[in-house]
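Based on the hints, put chain B in the right spot on chain A.
2 protein chains.
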Amino acid sequence: MDQQQLMVQMALTAWNQQLKRMTDTFNSLSDEQLMQEVAPGKNRAIYLLGHMAAVHDRMAPLLGIGERQFPELDPIFISSPDKAVATLPDTATLRNAWAQANEALTNQLGSLSAEGWFQRHTQMTDEDFAKDPARNRLSVLMSRTSHIASHQGQLALIKK
Amino acid sequence: MDQQQLMVQMALTAWNQQLKRMTDTFNSLSDEQLMQEVAPGKNRAIYLLGHMAAVHDRMAPLLGIGERQFPELDPIFISSPDKAVATLPDTATLRNAWAQANEALTNQLGSLSAEGWFQRHTQMTDEDFAKDPARNRLSVLMSRTSHIASHQGQLALIKK
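From first to last, the protein sequence lines stand for chains A and B.
Under the numbering used here, the first residue of the first sequence carries the number 792, and numbering increases by one thereafter.
Under the numbering used here, the first residue of the second sequence carries the number 792, and numbering increases by one thereafter.
Keep in mind that a hint or two might mislead.
Which copy is meant is left open, because identical chains are indistinguishable; a pair holds if it fits in one copy or across any two.
[Stated by the list, open to error] Calculated cross-link-like contacts (lysine-lysine; reagent style DSSO-like; alpha-carbon spacing at most 27 Å):
{"no.": "1", "residue 1": "K950", "residue 2": "K811"}
{"no.": "2", "residue 1": "K874", "residue 2": "K950"}
{"no.": "3", "residue 1": "K811", "residue 2": "K951"}
{"no.": "4", "residue 1": "K922", "residue 2": "K874"}
{"no.": "5", "residue 1": "K951", "residue 2": "K833"}
{"no.": "6", "residue 1": "K833", "residue 2": "K922"}
{"no.": "7", "residue 1": "K951", "residue 2": "K874"}
Treat the hints as calculated values from the structure; they're not laboratory data.
Keep in mind that this is a model prediction, so the values were computed, not measured.
Only chain A is shown next, with the shape it has when bound in the complex (with noise of 0.2 Å):
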């Protein structure tokens, strides 16, 4: 295995790991527990949900590797905050979309090649990927590894 390998097994190994266990966080949470707030006043389960969803829908047109399936979950999930939107999709809506959008994801993603992982997404012009490679489609792999992380340390202060 040569080292470019190395690292975007390495990195890949990481984002699988932080996509299971976020997954067995909302499997284990019902509807119910789903409606819960992480802490007083804060964001609702269902609402980091529709939030992760979305996100995870929106890699792969970001990555240039695919369309996306959900992009009626922005305006609920991204460019809101929770409770600014009076009426949610139902759970089992969001669970699939979840399901879903990690489903053709992780397809999307073992379609690059090694060497792919180390070119520039589509937020980078050419001219500013010369300047900085170290902002390729795998430091977007890493930063939605955090964005997981970050949102599951919340999904586990919810009472079960």
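For chain B alone, coordinates are given in the frame of chain A:
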């Protein structure tokens, strides 16, 4: 810059971003706010401060790049959950441990060559490492980056 150097730079950039965010958060919390729980019945911010200082202090010996400074934190903040130990070190002591542990660690991390990051850490035998070269020092840094993100997400819930 070769591929190894690029990958190390990416992981260190992600680490430093999370570290700065957490330091800014602890600095923004008053001593009174440090006594608040992140959610009802959950860890107090002061426990997370001691926990994070202990975890980062342990990283140099784990990585095999130096000594630690604050082993006295472990029985309180690693082996025990919050509220199990009646009297915690005072906030000034813990704020100082967080700052000193990270200052030393930053210097120790800076001493590693790009190649050194891809070598084994002290919890791996040569035999295990030969089977799984992805479990190297850099994988520890990536894991600890997500560890910061997880508790940072919780500290963000403290009311100010």
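Results for each hint:
| no. | hint | verdict |
| --- | --- | --- |
| 1 | K950 x K811 | within (20 Å within a copy, 30 Å between copies) |
| 2 | K874 x K950 | both (20 Å within a copy, 18 Å between copies) |
| 3 | K811 x K951 | within (19 Å within a copy, 33 Å between copies) |
| 4 | K922 x K874 | neither (41 Å within a copy, 49 Å between copies) |
| 5 | K951 x K833 | both (17 Å within a copy, 13 Å between copies) |
| 6 | K833 x K922 | neither (39 Å within a copy, 45 Å between copies) |
| 7 | K951 x K874 | both (22 Å within a copy, 20 Å between copies) |
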